[in-house]
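Chemist: Let the sequences and hints guide you as you build the complete structure.
So the protein lines, in turn, are chains A and B.
Under my numbering, the first sequence has 117 at position 117, and the numbering climbs by one with no breaks.
Under my numbering, the second sequence has 1336 at position 336, and the numbering climbs by one with no breaks.
Everything labelled a hint here was simulated from the structure, so no lab data went into it.
All values reported here derive from a predicted model rather than from experimental measurement.
You may find that some hints are simply not true.
[To be verified] Per label pair, the in silico range of CB-to-CB distance: (1) Asn1345/B <-> Lys128/A: 54 to 62 Å; (2) Glu115/A <-> Ala1013/B: 30 to 38 Å; (3) Ala1256/B <-> Asn22/A: 15 to 23 Å; (4) Gly14/A <-> Ala1256/B: 51 to 59 Å; (5) Gln1275/B <-> Val108/A: 54 to 62 Å; (6) Ala1024/B <-> Val108/A: 41 to 49 Å; (7) Val108/A <-> Ser1322/B: 30 to 38 Å; (8) Thr1328/B <-> Pro106/A: 49 to 57 Å; (9) Arg71/A <-> Val1336/B: 43 to 51 Å.
Think of the CB as a built atom: it goes at the ideal place given N, C-alpha and C, for glycine as much as any other residue.
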Amino acid sequence: MELTITNLTKEFSGTRAVDSVNETLTRGVYGLLGVNGAGKTTLMRMLTTLLHPSSGSITWDGEDIFAMEGRFRSILGYLPQEFGFYPNFTVEEYLQYIASIKGLRPAVAKQRVKELLHQVGLSKARSKKMKNLSGGMKRRAGIAQAMLNDPKLLILDEPTAGLDPNERIRFRNLISELAEDRIVLLSTHIVSDVEYIAGKIFLMKDGRIAVSGTAPELTAAMPERVWVCQVSKARIDAYLKALKVSNVKTTPEGAELRIVSAEQPTDDAVQVVPTLEDVFLCYFGQRGGEADAAV
Amino acid sequence: MLRFELKKILGSAGGKIAALLLAAAVALSCWMCVSDVCWVNDQGDEEIGFAAISKLRSAQKQWAGVLDTPRLEEIIRENQRLCATPEAQSKDYNQNDIAYGWKQGIRPVLNMMNYAYSRGFQEYDWYCNESVTPNQAGDFYPNRTKLMKAWLLDETGSAQYLFNENEKNYLIEQYETLETPFYIDYTQGWEELLYNSPFVIMMAALILGYMSSGIFANEYRWRADPVFFSTRHGRDKAVWAKIGAGFWMVTVLYWASVLIYSLVTLGLLGFDGGQCPVQIALWKSFYHLKFWQAWVLTVVGGYIGCLFFAFLTMWVSAKTRSAVFASTVPFLLMFVPNFLDNLNNDTISRLLGLFPDMLLQIYQKLRYFYVYDLGFCVKGALDILPALYIVLTAALVPLMYCQFRKRPIK
Ligand SMILES: Nc1ncnc2c1ncn2[C@@H]1O[C@H](COP(=O)(O)OP(=O)(O)OP(=O)(O)O)[C@@H](O)[C@H]1O
Ligand SMILES: [Mg+2]
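Modeler: Next comes the structure, spelled out in structure tokens:
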């Protein structure tokens, strides 16, 4: 079980959406973290054989995945970023259909659909039309769909986007649960999504993997330091403009700022232990994720 | 897989509406057939409905049999007798209608006489039959060939430029070898059935074409394509299932429509006359067909046509990824030939005989002189079309398969 990516590059009319990526993935959960347009989806589409690389190669246990054709797809589970489905199918029909095109035998499919409906918490909604599901339920149906063939390689493109905080937590737990004995690659632009469940995290920027490692490795290797300091109300804006501020906490006197910087920003600034959020800010110059992501 | 593919098409609101429309088209055409048949009663008034049908049937049944010279003489004398009545001679239209009513039993023969004793091949005179005398009865069948030849071989006529020698010879031979005398019977059921068949078949082609347009394209519209193509069979069996769904949908819905239409129409109007030659209704047709054979040709041709329309639509939808764009294909295939025909260009008009819309209206086209010299033999368009479009339809299968499975995702 080894997915090897070598010099993988994808160009779209001159721009490099994915630029010379080299990584080897073995059993475990991997987080692909990057801002919008970093190239996460493009990379994943190549890994799912939907898109041909401009150059470079992807191999599964040493075999080119494009040459493997159906054999590769039979070990693949994929939840696309824009997850589409058949509006008039019920959840159960939808899963049965996907099971059939994944080549599951009908008896096996039936059992598997039942198990997964239970696992993703959709047993009660099994007879609902797909179009009538809530956003969170659709995502869960999407995960179930990807898991039908018990894939060795599970690729989830922003599976938590647009979910509320509770759903997000449930989702994370679900993914941890499903991660046994397979490679899971999960993309997101929300740090907390991968902070705890991913063994290894790739920070992707402008098509390149800027840096990779476990969460502690990444924080330890951070090239800048993290400071906390008090500033008066009047100066908050100036700080926000000039420095990478990862958090603003208003206080009666003004605000307490959390700043990522190589130099000590003010004389009273105190150095603190960095978090993955700080790492993200350090590399991307912007905060990771949405306001509701901090759960 | 097939079951789910069919559900994707028929489960949507559009699919259901389309299927209902098709059912409505079938019902409407049955009704058109029945309401077309009218009986003029002794008061000269028109009646329609089942009573009218049965009266017309028994009137024409009286003359059923071999239409040979003695029988023609008899019919001509009967016609002369009826034309001489005060009602027929009257200046009052209502009186004329009463006389018309008496002639309903021999009306089909009188119609043929209007062609047979016409002054020219391309002329038609509604009253021509009234001046035919019994001693001309023997000319009835020979005149058909004579008039055609005169038109075809006229040095100054338009036919000169339309056909080459082989084609002319073929047409003459077809005319000369037509089996005579005809066996005649009440054929209203078959005539109506066939006359209105293009409506049912064209509606089926449009509706089934529309329903096929989404089979490939909706995968993109629903954004279900990334999952579809990344599954084990997403680039082989599942694509075949889509093509299979198109095939079975067209097959089942087409034959259901056409068989229901045919059985209901013939059930109401009568199955009689299937053994009679189509020349009773289409005097000039050069095809040697009985009514039942014309029906088989019409519905089988219609089926091939519908399948071709559906597969072409599917191929276009796989290529363009747009169901909306693809669903215009059936309309274009149907209306572009009409437009081209209006250009009045002889070469284009002749080629139109090989366009797929012909297959949807075979009975209408039986009377046209679409003949083609293939080098080794000469064939009528309707001899060529079914085979030609079976090949073209079959050729579309691998084309759309490759088109859809190879499509990279945006
Ligand atoms: N089909 C395409 N044609 C042209 N450019 C493309 C295409 N797909 C992606 N790109 C470009 O490639 C870059 C990377 O896009 P990609 O969708 O991979 O980013 P992403 O990291 O998934 O972003 P997001 O977080 O918004 O999903 C972008 O600049 C995008 O505009
Ligand atoms: Mg993306």
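Chemist: Mind listing which of the numbered hints don't hold for this structure, in increasing order?
Modeler: 3, 8
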